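Novice: As they're listed, the protein sequences go chains R and Z. Under our numbering, the final residue of the first sequence carries the number 197; numbering is consecutive throughout. Under our numbering, the final residue of the second sequence carries the number 1292; numbering is consecutive throughout.
Treat the hints with care, since some could be wrong.
What the hints assert, rightly or not - Derived lysine-lysine pairs resembling DSSO-like cross-links, with alpha carbons at most 30 Å apart:
1. R:K20 / Z:K1087
2. Z:K1224 / R:K102
3. Z:K1077 / R:K21
4. Z:K1067 / R:K29
5. Z:K1147 / Z:K1075
6. Z:K1181 / R:K25
7. R:K146 / Z:K1077
8. Z:K1139 / Z:K1077
9. Z:K1147 / R:K28
10. Z:K1139 / Z:K1087
11. Z:K1279 / R:K29
12. Z:K1181 / R:K102
13. Z:K1013 / R:K153
14. R:K28 / Z:K1133
15. Z:K1223 / R:K28
16. Z:K1259 / Z:K1132
17. R:K29 / R:K16
18. Z:K1013 / Z:K1259
19. R:K2 / R:K97
20. R:K21 / Z:K1181
21. Z:K1106 / Z:K1147
22. Z:K1021 / Z:K1032
23. Z:K1212 / R:K28
24. R:K146 / Z:K1015
25. Z:K1087 / Z:K1254
26. R:K28 / Z:K1232
27. Z:K1223 / R:K21
28. Z:K1075 / Z:K1150
29. Z:K1139 / Z:K1212
30. Z:K1147 / R:K29
31. Z:K1067 / Z:K1013
32. Z:K1015 / Z:K1077
33. Z:K1032 / R:K153
Claimed, not checked - One side of the interface only, derived from the structure: several residues of chain Z facing chain R at Cβ under 10 Å:
34. V1097
35. F1159
36. C1219
As the list claims (entries may be wrong) - If you only want the chain R side, here are some residues facing chain Z, beta carbon under 7 Å, derived:
37. L43
38. Y84
39. C138
40. F151
If you are wondering where the hints come from, they were derived from the structure by calculation, not from laboratory data. Computed from a predicted structure; not experimentally measured. Backbone N, C-alpha and C define an ideal beta-carbon position, used for all residues, glycine too.
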Amino acid sequence: MKNPYEVLEISENASKEEIKKAYRKLAKKYHPDQYDNNPLRDLAENKMREINEAYDYLMKGNPNQEHYDTGENSYSSENSSGMYQSVENDIYNGNFKNAESKLMNVGTRDAEWNYLMGILNLRRGWYNDAYNNLSTACRLDPNNFKYQSAFNKLSGINRSYRQPYYGDQRKDPDICNICATLYCLDCFCGGGNYGGC
Amino acid sequence: MFGYVTPYKMELKIKDYEKFKAYYCGLCKSIKHNIGDFPRIFLNYDMTFLAILLDSLEEGRQNYIKKRCIIHPVKKKIILKDNPSLKYAAFCSISLVYFKLLDDTKDEKSIKSRILSVYLRRYLNSMPENFKKNFQVIKNKLRNLYKLEKDSGNKSIDFLANPFGELTGFILSSSQDGDIKKKLYFLGYNLGKWIYIIDAFDDLNEDMRREKFNAIDHCFNSKKLSFDEFSKQIEKRIDFILGTCAAQCMNAFKALPIKRNEELLYNILQYGLLDKMDKVFRRGVYKNEKSI
């Protein structure tokens, strides 16, 4: 982990208030949602992850233990898998408020975090946020089947709903359709009995 | 913000067309009978949908009458006789209009809204005891919505549309219990969001021109693009959100124990909503239509 003070561009004896201020400023600047369709998006995402990590590290209240540049990852979310499991249970049981507050307390917003937030948003009807979360999850971990299928499910809701509207209206065959059908019938039946041609 | 939830005429059976009109006239009569003559001018289609949906869960015969009315003095109209669903829709309609007028008075300093709201207030006394709780809930939800809109920090369209979704969910489900209540709430929640967002897109040009608050402009237009550029860029995403909301309305509807009006409601939710989306996005048959 990089030196969190450097990441947040503050001095080593900055107060909590200053840390917060610096974090907000940087988060605004690098938030990936501003880089929709922009090649810089990946860079912004990495930067954002660093910022989040640094901020969490400093706000946890151990700024004097200089773990961060020893090469060890002192701030790792080892407990996160257990937490993610409980969030999943909450979402499953419809306890959205609980799930949300747990997720909001997580510092490192990795692929799994985005996936769970996406599922939560999908379940409570926040589809734009769900779209953003799930596509972020897929981008962070492109080979994950679970993320991909959740994302496909979200797009599928829309597609299958539109089918009757865009399908049925074109049920009345236009003249080209009729000709083509007759032509096919002619070919299959070999006789040319249909349509008299 | 009203009038988006209507049937799609091209796919509508004549009997369902007549039925829709009978509900519409029935709601108008219900407002006259339960509230007063003047508030009838606020009649709208969304509230007709509300009456049709709630009535579809009821059993028993429906009574129709055929008569003339003041607005259509020449031709006799088929009118559905007053029933609890129509009465409920009538009071919801007046409450929503009342708070909308109050908000317009405050925001736009509109004299017309001010006069109308003062005039309408007298009619609120006709509200039955058991509706007063609903009136308070509607008031609180809308107040919450206006507060969120004024706080410039919120940049999530889902977050902004949430109170209106909750409000519509509440209105659709408040008279039911148990499992049906949950399903109606989810239908209403998605429909409310759909209405809020389609209304914002419909008004986008006008709002941007007059520099009024618009949820879509506020949430997505971080680069301050002009209307032409911005609307082109954002259309696909808005279409996605609206389509998903509408799809979820349909899914919730399919799970309801509908006893009548099924085809009419199916038409509205399956075709009507998508047709309105074509209209605001100027697609299909609406492609060359001028902006409203």
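Novice: Does each hint fit the structure? Answer for all of them.
Specialist: Each hint, compared with the structure:
1. For the hint pairing K20 of chain R with K1087 of chain Z, the CA-to-CA distance comes to about 53 Å; that exceeds 30 Å, so the pair is violated.
2. Distance restraint check for K1224 of chain Z and K102 of chain R: the Cα-Cα separation of roughly 35 Å exceeds the 30 Å cut-off, and the hinted pair is therefore not satisfied.
3. With a C-alpha separation of about 66 Å, the suggested pairing of K1077 of chain Z with K21 of chain R is violated against the 30 Å cut-off.
4. Distance hint between K1067 of chain Z and K29 of chain R is unfulfilled; the C-alpha atoms sit about 65 Å from each other, more than 30 Å.
5. For the hint linking K1147 of chain Z to K1075 of chain Z, the alpha-carbon distance of about 46 Å lies beyond 30 Å, and the restraint is violated.
6. Between K1181 of chain Z and K25 of chain R, the direct Cα distance comes to roughly 44 Å. Violation of the 30 Å bound is thereby established for this hinted pair.
7. For the hint linking K146 of chain R to K1077 of chain Z, the alpha-carbon distance of about 57 Å lies beyond 30 Å, and the restraint is violated.
8. The suggested pairing of K1139 of chain Z with K1077 of chain Z is violated, with an alpha-carbon distance near 35 Å, which exceeds 30 Å.
9. With a C-alpha separation of about 23 Å, the suggested pair K1147 of chain Z and K28 of chain R falls inside the 30 Å cut-off, and the hint holds.
10. In summary, the hint linking K1139 of chain Z to K1087 of chain Z is supported, as the alpha carbons are separated by about 19 Å, within the 30 Å threshold.
11. Annotation: proposed proximity of K1279 of chain Z to K29 of chain R is violated, straight-line Cα distance about 37 Å (limit 30 Å).
12. For the given pair, K1181 of chain Z sits about 28 Å from K102 of chain R by alpha-carbon distance, which is consistent with the 30 Å threshold.
13. As the CA atoms of K1013 of chain Z and K153 of chain R are separated by approximately 33 Å, the hinted pair breaks the 30 Å bound.
14. Pair hint K28 of chain R plus K1133 of chain Z does not hold up; C-alpha atoms about 42 Å apart against a cutoff of 30 Å.
15. For the hint linking K1223 of chain Z to K28 of chain R, the alpha-carbon distance of about 14 Å falls within 30 Å, and the restraint holds.
16. Taking the CA atoms of K1259 of chain Z and K1132 of chain Z, the gap is about 29 Å. The hint holds against a cut of 30 Å.
17. Under the criterion of a C-alpha separation no larger than 30 Å, the hint pairing K29 of chain R with K16 of chain R is consistent with the structure, at around 20 Å.
18. Proposed proximity of K1013 of chain Z and K1259 of chain Z is supported: the alpha carbons are some 18 Å apart, at most 30 Å.
19. Between K2 of chain R and K97 of chain R, the direct Cα distance comes to roughly 34 Å. Violation of the 30 Å bound is thereby established for this hinted pair.
20. Distance restraint check for K21 of chain R and K1181 of chain Z: the Cα-Cα separation of roughly 45 Å exceeds the 30 Å cut-off, and the hinted pair is therefore not satisfied.
21. The hinted pair formed by K1106 of chain Z and K1147 of chain Z meets the criterion: a straight-line CA distance of about 13 Å does not exceed 30 Å.
22. Between K1021 of chain Z and K1032 of chain Z the CA atoms are separated by roughly 17 Å; this keeps the pair inside 30 Å, and the hint holds.
23. For the proposed pair K1212 of chain Z and K28 of chain R, the alpha carbon gap of about 24 Å is at most 30 Å, so the pair holds.
24. Straight-line distance between C-alpha atoms of K146 of chain R and K1015 of chain Z comes to about 47 Å, which puts the hinted pair past the 30 Å bound.
25. Restraint check for K1087 of chain Z and K1254 of chain Z: the C-alpha separation of about 25 Å stays at or below 30 Å, so the hint holds.
26. Pair hint K28 of chain R plus K1232 of chain Z holds up; C-alpha atoms about 25 Å apart against a cutoff of 30 Å.
27. Our distance criterion of 30 Å between C-alpha atoms is met by K1223 of chain Z and K21 of chain R, whose separation comes to about 23 Å.
28. Taking the CA atoms of K1075 of chain Z and K1150 of chain Z, the gap is near 48 Å; set against the 30 Å cutoff, the hint is violated.
29. Taken as a hint, the K1139 of chain Z and K1212 of chain Z pair is honoured in the structure, with Cα atoms around 23 Å apart against an allowance of 30 Å.
30. Under the criterion of a C-alpha separation no larger than 30 Å, the hint pairing K1147 of chain Z with K29 of chain R is consistent with the structure, at around 26 Å.
31. A C-alpha spacing of about 23 Å is found between K1067 of chain Z and K1013 of chain Z, which places the hinted pair at or below 30 Å, so the restraint holds.
32. Straight-line distance between C-alpha atoms of K1015 of chain Z and K1077 of chain Z comes to about 14 Å, which keeps the hinted pair within the 30 Å bound.
33. With a CA separation close to 47 Å, the supplied pair K1032 of chain Z and K153 of chain R exceeds the 30 Å bound.
34. Hint on V1097 of chain Z is violated. Least Cβ distance to chain R is approximately 26 Å, over the 10 Å limit.
35. Using the Cβ-Cβ criterion of 10 Å, the hint placing F1159 of chain Z at the interface with chain R is satisfied: the shortest such distance is roughly 8 Å.
36. For C1219 of chain Z, the shortest C-beta to C-beta distance to chain R is roughly 8 Å, which falls under 10 Å, so the interface hint holds.
37. Taking 7 Å as the C-beta cut-off, the interface hint given for L43 of chain R is violated, the closest approach to chain Z being about 18 Å.
38. Contact between Y84 of chain R and chain Z, as hinted, is not supported at the beta carbon level, the nearest pair being about 22 Å apart and thus beyond 7 Å.
39. Using the Cβ-Cβ criterion of 7 Å, the hint placing C138 of chain R at the interface with chain Z is not satisfied: the shortest such distance is roughly 16 Å.
40. Look at F151 of chain R: its Cβ only gets to about 12 Å from chain Z, farther than 7 Å, so that hint breaks.
In summary, the structure is inconsistent with hints 1, 2, 3, 4, 5, 6, 7, 8, 11, 13, 14, 19, 20, 24, 28, 33, 34, 37, 38, 39 and 40 from the numbered list given earlier, while agreeing with the others.
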